[in-house]
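Number of protein chains: 2
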Amino acid sequence: MPEAIEQDNTQLRLHEITRALNSGMFVHVRRMLAHMAPCDIALLLESSPHKGRTVLWQLVDSDLQGDILEELSEDVRNGIISQMDPALIAAATEDMDDDDLAEMLRSLPDTIYQEVIGSMASQDRERAALALSYPEESAGAIMNTDTVTIRPDVTLDVVLRYLRLKGELPEGTDELYVVDKDNCFIGAVSLALLLTRSPDLTVRTVMDDHCESIPVTMDESEVAQLFERHNWISAPVVDEHQHLLGRITIDDIVDVIREDAEHSMMSMAGLDDEEDTFAPVVKSTKRRSVWLGVNLITALLAAFVASFFESTLDILPVLAVLNGIVPSMGGVAGSQTLTLVIRGMAVGHINQANQRFLLAKEFAIGALNGVLWALLIAGVVALWKWDFTLGCVIAFAMFMNLLAAGIAGASIPLFLKRLNIDPALAGGVVLTTVTDIVGIFAFLGTATWFLLP
Amino acid sequence: MPEAIEQDNTQLRLHEITRALNSGMFVHVRRMLAHMAPCDIALLLESSPHKGRTVLWQLVDSDLQGDILEELSEDVRNGIISQMDPALIAAATEDMDDDDLAEMLRSLPDTIYQEVIGSMASQDRERAALALSYPEESAGAIMNTDTVTIRPDVTLDVVLRYLRLKGELPEGTDELYVVDKDNCFIGAVSLALLLTRSPDLTVRTVMDDHCESIPVTMDESEVAQLFERHNWISAPVVDEHQHLLGRITIDDIVDVIREDAEHSMMSMAGLDDEEDTFAPVVKSTKRRSVWLGVNLITALLAAFVASFFESTLDILPVLAVLNGIVPSMGGVAGSQTLTLVIRGMAVGHINQANQRFLLAKEFAIGALNGVLWALLIAGVVALWKWDFTLGCVIAFAMFMNLLAAGIAGASIPLFLKRLNIDPALAGGVVLTTVTDIVGIFAFLGTATWFLLP
Chain A
1 MPEAIEQDNT
11 QLRLHEITRA
21 LNSGMFVHVR
31 RMLAHMAPCD
41 IALLLESSPH
51 KGRTVLWQLV
61 DSDLQGDILE
71 ELSEDVRNGI
81 ISQMDPALIA
91 AATEDMDDDD
101 LAEMLRSLPD
111 TIYQEVIGSM
121 ASQDRERAAL
131 ALSYPEESAG
141 AIMNTDTVTI
151 RPDVTLDVVL
161 RYLRLKGELP
171 EGTDELYVVD
181 KDNCFIGAVS
191 LALLLTRSPD
201 LTVRTVMDDH
211 CESIPVTMDE
221 SEVAQLFERH
231 NWISAPVVDE
241 HQHLLGRITI
251 DDIVDVIRED
261 AEHSMMSMAG
271 LDDEEDTFAP
281 VVKSTKRRSV
291 WLGVNLITAL
301 LAAFVASFFE
311 STLDILPVLA
321 VLNGIVPSMG
331 GVAGSQTLTL
341 VIRGMAVGHI
351 NQANQRFLLA
361 KEFAIGALNG
371 VLWALLIAGV
381 VALWKWDFTL
391 GCVIAFAMFM
401 NLLAAGIAGA
411 SIPLFLKRLN
421 IDPALAGGVV
431 LTTVTDIVGI
441 FAFLGTATWF
451 LLP
Chain B
1 MPEAIEQDNT
11 QLRLHEITRA
21 LNSGMFVHVR
31 RMLAHMAPCD
41 IALLLESSPH
51 KGRTVLWQLV
61 DSDLQGDILE
71 ELSEDVRNGI
81 ISQMDPALIA
91 AATEDMDDDD
101 LAEMLRSLPD
111 TIYQEVIGSM
121 ASQDRERAAL
131 ALSYPEESAG
141 AIMNTDTVTI
151 RPDVTLDVVL
161 RYLRLKGELP
171 EGTDELYVVD
181 KDNCFIGAVS
191 LALLLTRSPD
201 LTVRTVMDDH
211 CESIPVTMDE
221 SEVAQLFERH
231 NWISAPVVDE
241 HQHLLGRITI
251 DDIVDVIRED
261 AEHSMMSMAG
271 LDDEEDTFAP
281 VVKSTKRRSV
291 WLGVNLITAL
301 LAAFVASFFE
311 STLDILPVLA
321 VLNGIVPSMG
331 GVAGSQTLTL
341 VIRGMAVGHI
351 NQANQRFLLA
361 KEFAIGALNG
371 VLWALLIAGV
381 VALWKWDFTL
391 GCVIAFAMFM
401 NLLAAGIAGA
411 SIPLFLKRLN
421 IDPALAGGVV
431 LTTVTDIVGI
441 FAFLGTATWF
451 LLP
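Protein chains in written order, with full-length UniProt numbering: chain A, 1 to 453; chain B, 1 to 453.
Extracted from the complex, chain A is given alone in its bound form:
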């Protein structure tokens, strides 16, 4: 009898294993692992501190290691592989899909890579060499070569007999590809069609010859957008002469979509998107310090700008108290725009044609926001500090900075993209530099002009 999945079934089991592991009940853990699917073991490894991973890995059935490695994120996989014998790694690669194999080999350190390649069976080595020949993040790098091809002139009955002889279809096969004698892709026949059409018909009459194929050089994110728009389950990959090279399946596309979406979020916090939640402390500290260093420079820059106004601050210490408000609001308003534009670029909604409209729109929002929050802060400050002129000064600074935030938030990512710099990574820091400096200048500068005796 099939079992309905309990809501927390997996989480409960993971919890139990972790407890057993902590109490040193290794035999019990090994027995539990033997009943788990590779994907669940992968989840367990991802959720474990790095020390626990090493112990767990030694308790895993070695036949499953290849399947588990396929499911792990790069960081976690590298941590495990670095402690494995190259011959064992080579053995684990035997059952891997071409694309996962290539991805894993790419991430190996050079010395281990050589040893692993050396220990592989010759056919696997050829398979690896082919997969590695396509650039990373291209359609070629996420494609599999296990396509089932048929000729256009045979009848469906012949195809049906051929499939029954074959006995098995590669995982995730939803259509067979029709090729001519030069192996050029000319159409596709879905399994559903094979099952519902009369066996006397020829392949040519039933095949979908408007079926789109993917150039092997296309960027994986573009491929993912096509899959998403067209609701594909798999798609054929061809070279520039329409020769069929392989196919891309939806499971790999799901990974690309997840990674792309996470990439923006992680990059905006200055994190690597493969960053492992349970990595060792020193490794995590090192990785994150780059971003803190960049931020220190911008913070010092802001302090440097403020230092021009030290004599003003000396006379009016109340300015020091209020000085953080305007940059803070500018930062938030700017990062709203920035996030929206980065998302819009990632899903392909922003192009040459609508850029100008977008800038004008964010300029207008900045102005509207500016008026709104300027009036509010003027009221608050005038009442709090009982100083109407001070209220006007901070209102002016607020308006200027929210306007600057709107313009900067919309234009910085477009500008960075033109320079081929990842806007998700660099956008935030450039933006806060702008809103900090404009905010401080506008507030302290106006105050110096109007308030100094």
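I should point out that these hints are in silico values taken from the structure, not numbers from a laboratory.
Check before you lean on any hint, since a few could be wrong.
[To be verified] Taking lysine to aspartate or glutamate pairs in the DMTMM-like style, the calculated list, with each CA pair at most 20 Å apart, reads:
1) A/Lys385 to B/Asp314
2) A/Lys283 to A/Asp75
3) B/Lys385 to A/Glu310
Model the placement of chain B on the given structure of chain A, informed by the hints.
Positioned in the frame of chain A, the structure of chain B alone reads:
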């Protein structure tokens, strides 16, 4: 002949249409739209300013409107629907999948909803009522009822003949579901199996009876995690008695994955994840102002804390110049931790068992970061302001704040989740409140203690 997709084909075409639209060449635009797939027209609408959308929509063939509405995001769809006649909306819903239909109906304003339901054919109305009976974001809400079911005791040959009689399978069908006489789900037979196994075998002997089924009440994000882990293309949905209710297909799961991943990123900037890049200015301003208001309160809170030290700032204006550095570094370090934990929670890597480890790890990183950046800032400030004690004061504040940032970044999302508050939405603002206040207190407080004459 099938065509390989040019890298920028779609974008180029969109650009051309936008240009034609702007020059008022409506007949030309209508002709171009007639040759485009619904998904491409949807992309065009998403990438157009709201005024352009209205014009475009009137040029679209009304037969395609249902398919296009299915592909649009909620915000854009609502904008278009609000200008449509309810009878036309009802007509457009005829070809929609159950789940898309329910999603659209849910997002309609009450008055339009009543009119649309009133104009629908009775069978569509029943279909809609059923789909709407499941809670939003549950498995039931993203399921379709178009399953193909077979009995366990017939031979494959009977199934094959049945399918040929049926003539067509629902889109995205990769397996048939086996049910008993009470419509209880007992297993699945893939199309690939049907094609490769001997027709004399019975369904029972070839079916996969370990196939997992999804409870109709399961949360859609959990369903998506299962699909992702198991590389499913579709999965059966059952009620609490194992009765087969429908199936979920990977195309809907892809939407869930994309939305979940975007949700975190958008929420962290205080944006709605359905936020439309090209919405009208006033609407966008209103939506974003909530977040700016919340931020203004935290900024005023920080100013209020700083105002305790106004007399200190009066004597030592250099503190005002440096006062932004420590809170800024705390904010960045904290949001790195926060982002990592929110991502970890979203992909299911963080659970009861490893929470304590995570807190300890982030505490250690905070301490390590604290020492590192405290030493650096001490050096910079001591040299810049030629004041060793001042360097020590800012170093101490930096250490304390980075430690606080690590602890707050890891514990705030865990804490918010326990209170059933979305950590992606509220986490950032709670965090900056903590790092701002700790940063200001630590810096100005220590300075008051040690530096005042």
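Results of checking the hints against the structure:
1. Proximity of A/Lys385 to B/Asp314 is assessed by CA-CA distance (about 16 Å); at most 20 Å being required, the pair is judged to hold.
2. Annotation: proposed proximity of A/Lys283 to A/Asp75 holds, straight-line Cα distance about 11 Å (limit 20 Å).
3. Our distance criterion of 20 Å between C-alpha atoms is met by B/Lys385 and A/Glu310, whose separation comes to about 12 Å.
In summary, this structure violates none of the numbered hints.
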